[in-house]
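Novice: Sequence:
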Amino acid sequence: MEHSTKTSFNSRMAWLLQAAIVLTFMVMLAGSVVRATGSGMGCPDWPKCFGLLIPPTDVEQVTWHANSDYSQGQMIVRDEALWKANMDFTTAESWDKSQWTVYTRHDYAIFNPVHTWIEYINRLFGALLGLPMLIATGLAFTVMRSRPRLLGGMMLAMFFLGFEAWLGKLLVDGHLIPQQITLHMVGAFALLAVLVNVLRSVKPMGQHSDQSKLRVKVKRWAIAVIVLLAVQVVLGTQVREQIDVLLKTFGVHDSRLAWMGQLDITVLVHRSFSWMLLIASWYLHRAYKAWQPSSPLTLMLLIGFVLIAVLGAMMYYLSIPAVIQPAHLLLTAVTWMIGVDVLVRSWQSTN
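In terms of our numbering, the sequence shown is residues 19 to 369.
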């Protein structure tokens, strides 16, 4: 591949990957809003919503009416159950049970238009994320012989995207099974790490100081920070699972003042673990500044961890205000991206 052609190819790939990373953040943010508002079952089926491509906005759209048209797969709420149309038909004057089948994948049969559209927007961001990733994968196929690792990276990213979509379906079918929610979050962070890695393979990082001892030190501290952050994410997700149970039990509008007392020791471990992250990120910052004095990356990482700790403390002492939860997750995702980027930079410079 000629230099000018390679530069043009790398620029297109970098743009697509950056778009995918931004959309991954949007999906994670939207997913956090879904959880904070208890909207996870806003669409009771998948990939459609009440059997429709465009979800309903009014309860009348999910209510049976005489002399009305229904399409195959369309859902209504009747007698505290979901019913699915067996075919396209027009209803008569009275209810005909033979035209409908009870939806049995779960027993959640509540229509809340706000929850429905929050969940639908979350799914839209997920669908949009697939577009730049599909195009980038297609481009990677065109250079598969000369750059097989690029194609391998994109195929791995597509695997995680497919895993996330499949797990999202299982979550809806299983009425938000807690352990699967943790896997869903881990998959999103894995996808983000792969996208950052692939981006660094096509986007030049500039010149790096050739000091092998400092690079190795940066790499070791970056690995430590990433491992600690991965553990912290899992701990945080487990705390979130407990909050989801309380949310289901008491409702989104219930006072959360007494909730913290019902959480187990995981929340204390999660809270204390943030100090280990702050210490490790401080040492990473010192090592990175010695290696790359002009780069602000690790300073941004350190500030990010401080803000995450502050938001976490606010959630703990202010009884888990829902508005803080999405910001807490988004900042965690950003620090994860920066940490992975620092590791990739140090790793590429030593290979």
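Keep in mind the hints are simulated off the structure, nothing from the lab. Mixed in with the good hints there might be a few duds.
[As the list claims (entries may be wrong)] List of simulated lysine-lysine pairs, DSBU-like, C-alpha gap at most 30 Å: (1) 66 / 187; (2) 231 / 221; (3) 235 / 221; (4) 115 / 66; (5) 187 / 24; (6) 187 / 115; (7) 307 / 235; (8) 24 / 66; (9) 102 / 115.
Because the structure is a prediction, the values reported are computed rather than measured.
Novice: The structure should be examined with respect to each hint, and the outcome stated for every one.
Specialist: Here is what the structure says about each hint:
1. Annotation: proposed proximity of residue 66 to residue 187 holds, straight-line Cα distance about 10 Å (limit 30 Å).
2. Under the criterion of a C-alpha separation no larger than 30 Å, the hint pairing residue 231 with residue 221 is consistent with the structure, at around 25 Å.
3. The hinted pair formed by residue 235 and residue 221 meets the criterion: a straight-line CA distance of about 24 Å does not exceed 30 Å.
4. Among the hinted pairs, residue 115 with residue 66 is consistent with the structure: their alpha-carbon atoms are about 23 Å apart, no more than 30 Å.
5. With a C-alpha separation of about 39 Å, the suggested pair residue 187 and residue 24 falls outside the 30 Å cut-off, and the hint is violated.
6. Between residue 187 and residue 115 the CA atoms are separated by roughly 27 Å; this keeps the pair inside 30 Å, and the hint holds.
7. Of the supplied pair hints, the one linking residue 307 and residue 235 holds, its CA atoms being roughly 11 Å apart against a limit of 30 Å.
8. Straight-line distance between C-alpha atoms of residue 24 and residue 66 comes to about 41 Å, which puts the hinted pair past the 30 Å bound.
9. Of the pairs offered as hints, the one joining residue 102 and residue 115 holds, with about 11 Å between alpha carbons and a cut-off of 30 Å not exceeded.
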